[in-house]
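Residue-level listing of the chains:
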Amino acid sequence: MTKEFESPPNGPGRLKAFMRSREASLFLLIAVLTLITTVLNPRFLSPQSLKDLMLNVSIIALLVLGQTIIILMRQIDLSISSIVGITAFLSGTLFISHPGIPSIVVVLGATLAGLILGGINAALITWGKIPALITTLGTLYIFRGANYAWVHGRQINAVNVPGSFLAIGTATLAGIPILTWIVLILLAVFAIGLRQYGAGREYYAIGSNPNAAVLAGINVSWRMATGFMISGAIAGLAGVLWLARFGTVDATAAEGIELGVITSTVVGGVAITGGVGTVVGAVLGALLLSVFSSTLVFLRVPSFWQQAFQGAMLLLAIAVDAYLAYRHALRSRVKWSHV
Amino acid sequence: MSQDQKSTRRLASRLNWETILAVLLVIAIAGGGFLNQDFLTPENWSNLLANFIEIALLALPLSLIVITKEIDLSVASILGLSSSLLGLLWESKVSMPLGILVCLLVGAAAGALNGFLVVGFGLPSLAVTIGTLALFRGFAYVLLGDKAIADFPAEYTGFGIGTIPNTFIPSPFALFIILAIVFWLILHHTTVGRRIYAVGGNQTAALFSGVNIGRLKILLFIASGAISALAGIIYTLRFSSSRADNGTGFELSAIAAVILGGVTVQGGRGTITGVVLSLLLIGILNNVLTLADVANEILRIVTGSLLIVSVLLPNLIASTSERWRVRQRLKEIEKIEAVSAAK
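Going down the list, the protein sequences come from chains A and B. So in numbering that gives the first Met the number 0, spot 178 of the first sequence is number 177, and the numbers just go up one at a time. So in numbering that gives the first Met the number 0, spot 40 of the second sequence is number 39, and the numbers just go up one at a time.
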């Protein structure tokens, strides 16, 4: 009877469990891909191209943090790209209308704006009882439409933005861009928060079994609302960092990036059926996609192939997830038949 | 129960979604005619109907898919793929009829891939069709890159922009009318239609009553793919332009029309009549706003809001009436208790 549950893996067991984890296989894939590309084109591992790679992946990786929480709850947030677009332009406007405004105020302002837009999603989903797909598909267009109406053909240029702020997107610290440091710190916060804290575990519980989560006394609506607000706030932060990274922002900024974010998250092992996955895996998923697209560039594959590959990767990832879940179910059934 | 309550309930049962849509439609037409004297001209109606033909085509099979509790977000990408393919085939000297046939087959195959992934692997259709949304649009770019092909034969583009002789109805719109009747017959007057509702209402119950759920869903996805490809062909002929980004974002308008038409994402509910009425309503709204020189971005906001409001409003009405019923019940109980306490 006491042997019915496997003891938590430790020592070699833990290593074995790690080797079998999604994170390890993603890491391996990234290493193999890097190796192949480097052999074919040694410039791939030059400091400049590594820095470009880190900068390219950073904003997607940041958005992946919020999307992970959403997908863990078996929901989806399609509106993030429009929130990034609005907050990027908002940040630029703040710099223009208030010369000398401290960068940190702009960062906080954009994050707050993102939180409010995420709050609109949250209110519609939890109190309006509209499915997240419908809500965020609607707000994807509403936010973007509002952005177009507000921007009205204008553009923010790098000259409008203080150099100290643009440094966030270009300067490095210990060889790693500051932008990437921000993402790494937030990644650590999210990884620990989702793993070690009750609130974090509740996101998993809601996604694993929504009815059981209610019976376990979780305030599902509130927890769900916080998830969408976090996703919005993260998108707001990504918006202000988008401005720092690119310097120029018009009404089309970040249009369509939600596809890449969702693909990264799912490729990173966050199951679309909810309750399974980690932020570390999801960020590795973003890194894998980014390395893959640089590989395509280095191999001189026309950029038109990018989108098709992205779609194929997403389909492959969900198919693999379904297969693994099926095998797991099969194996656990065998185990129980002995009892 | 008082007489008054009975009559309100009878009114409520008669006030179904289609009636509300029909009333809104009449208001929209009257309002449009009142606001703009160009609105009720045959030329404008010809324009109005032509402008939403692709979205109307996408919405028909999509309604059936949503009734079975699935979704197809890849419709606009199949439209783009078929448009690009038609251009490429025409450029490489393939005859038009053959090109059109190939496009329809490729669309059906694309839909079959969706259906196979959803049914064969048991994957959620939302995730699958987000994936194929990128995949099929990606294929369109692989085929055409950023090229545009425009020199289609005049007799075909003539069909795209022409009208049915002696009417203001655009010729491609005739295709929509035929397909709408076919879908209406299938959904409301055949056993296939009953099965579609059964699967959406309760999949397990449908399974136990012998519905071949997998085959039904695959067929629906194939129909969706083929009709999306047809929409792509019409789009190409109407604008005489084949580009990889044709119809980007049309899935939102199609889904908005389906949901506004009274089809619920929880499955099992909705009618073709409702969807056709909501398509007309959206078409008229877009037309009136365009005539009033409202910018394109406002149209986006309106479509997005329509999508949300058409779910939010029934939800709010349902929860308010539920609360009202509970309060009435509580009052009755209090009354009975008061009576029994007095005794």
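Worth flagging that the hints you see were computed from the coordinates, not collected in a lab. Built from N, CA and C at the ideal position, the CB exists for glycine as well. One should not assume that every hint holds.
[To be verified] List of simulated lysine-lysine pairs, DSS-like, C-alpha gap at most 30 Å:
1. B:Lys-330 to B:Lys-342
2. A:Lys-128 to B:Lys-146
3. B:Lys-330 to A:Lys-128
4. B:Lys-92 to B:Lys-146
[What the hints assert, rightly or not] To spell it out: a stretch of chain A is covered by chain B in this simulated footprint if at least three of its residues, at any positions, have a beta carbon under 8 Å from a beta carbon of chain B; those stretches are:
5. 29-37
6. 62-68
7. 121-128
8. 163-171
9. 234-245
[Said to hold, decoys possible] Every beta carbon over 12 Å from chain B, so not counted as near; a handful from chain A, in silico:
10. Phe-26
11. Gly-108
12. Arg-143
13. Gly-197
14. Ala-198
15. Ser-293
16. Phe-297
17. Ala-316
18. Ala-318
Quick rundown of the hints versus the structure:
Using a Cα cut-off of 30 Å, the hinted pair Lys-330 (chain B) and Lys-342 (chain B) holds, with the two alpha carbons roughly 18 Å apart. In summary, the hint linking Lys-128 (chain A) to Lys-146 (chain B) is not supported, as the alpha carbons are separated by about 44 Å, beyond the 30 Å threshold. About 28 Å separates the Cα atoms of Lys-330 (chain B) and Lys-128 (chain A), which keeps this hinted pair within 30 Å; it holds. The hinted pair formed by Lys-92 (chain B) and Lys-146 (chain B) meets the criterion: a straight-line CA distance of about 17 Å does not exceed 30 Å.
For the stretch 29-37 of chain A, the assignment as covered by chain B is violated, since 0 residues bring a beta-carbon within under 8 Å of that chain's beta-carbons and 3 are needed. Counting residues of the stretch 62-68 of chain A whose C-beta lies closer than 8 Å to any C-beta of chain B gives 0; at least three are required, and the coverage claim is violated. Here's how the stretch 121-128 of chain A fares: 3 of its residues keep a CB closer than 8 Å to some CB of chain B, so the rule of at least three is met and the hint holds. For the stretch 163-171 of chain A, the stated coverage by chain B is not satisfied: 0 residues place a CB nearer than 8 Å to a CB of that chain, which falls below the threshold of 3.
Counting residues of the stretch 234-245 of chain A whose beta carbon lies closer than 8 Å to any beta carbon of chain B gives 0, which falls short of the minimum of three for the stated coverage. In this structure Phe-26 (chain A) is separated from chain B by more than 12 Å, as the shortest Cβ-Cβ distance comes to about 23 Å. For Gly-108 (chain A), the non-interface assignment is confirmed: its Cβ lies about 23 Å from the closest Cβ of chain B, beyond the 12 Å cut-off. At the 12 Å boundary, the C-beta of Arg-143 (chain A) falls inside the reach of chain B, the nearest C-beta of that chain being 7 Å off.
At roughly 28 Å, the least C-beta separation between Gly-197 (chain A) and chain B is larger than 12 Å, which holds for a residue marked as non-interface. With a minimum CB-CB distance of about 26 Å to chain B, Ala-198 (chain A) clears the 12 Å threshold, and the non-interface call stands. With 12 Å as the threshold on Cβ separation, the claim that Ser-293 (chain A) sits away from chain B holds: the shortest Cβ distance comes to roughly 18 Å. With a minimum CB-CB distance of about 19 Å to chain B, Phe-297 (chain A) clears the 12 Å threshold, and the non-interface call stands.
A beta-carbon of chain B is positioned within 12 Å of the beta-carbon of Ala-316 (chain A); the least distance is around 8 Å. Not every beta carbon of chain B lies more than 12 Å from that of Ala-318 (chain A), the smallest distance being close to 6 Å; the non-interface claim is violated.
In terms of the numbered hints stated before, the structure departs from hints 2, 5, 6, 8, 9, 12, 17 and 18, listed from lowest to highest.
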